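**Q** Sequence:
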Amino acid sequence: MRMHNFRVACILTIILVLGLSWTVSSTEAAEDVCIPMGSFQVIPPKAATAKRASVDFPHSRHFDFSCRSCHHTWDYENPIQNCTTASCHDLVEAPKSSDKDFKKLSIRYFKNAFHQNCIGCHKEIRQANLEAEKKLRLTDKETKMSKTGPISCAGCHPSE
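All the letters of the sequence shown, read from the start, carry residue numbers 1 to 160 under our numbering.
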């Protein structure tokens, strides 16, 4: 009987220790990742001259997509770097078409990167919706199309 009680006590102790360690590690992981909720302003780098108003980006509306859809260099462990400061999309002036590496430099220009990623994704969703609508019967009212984001200048940049 004593041996049985000893085994039960050991098993309960192990369960308690493991349970506490999992709780602590999950708390630490949650504290490491800070995800901005709601909306925030997408502004050009300080060295760039803005020609339009900054964009109010509804971050929480994009939670259905993979984080790496936008944060393509993120390793899932370290804090996400701002692409305009991480030598990713750090050019503040558009490259000239006569530049030797125009295509490579073009995506490094912050404005091209945002426009290609955001507008490109919105256009892909719109195209997928159009193709899905063609396949649907006119009476199929239960199918919901994905909402697309804006693809025009005024759709993102409010008039000042």
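Where hints are given, some of them may not hold.
Claimed, not checked - Here are the computed distance ranges between Cβ atoms for each label pair: (1) C67 to I107: 18 to 28 Å; (2) A132 to S69: 44 to 54 Å; (3) N78 to H4: 44 to 54 Å.
Since the hints were made in silico from the structure, they are not lab data. For clarity, every value in this text was computed on a predicted model and none was experimentally measured. Built from N, CA and C at the ideal position, the CB exists for glycine as well.
**Q** A range of 44 to 54 Å was offered for this pair. Does it hold for the Cβ distance of N78 and H4?
**A** holds (49 Å)
**Q** Note whether the CB distance of A132 and S69 lies within 44 to 54 Å or breaks it.
**A** violated (20 Å)
**Q** Taking the beta carbons of C67 and I107, is their distance inside 18 to 28 Å?
**A** holds (19 Å)
When each numbered hint is compared with the structure, a violation occurs for hint 2 only.
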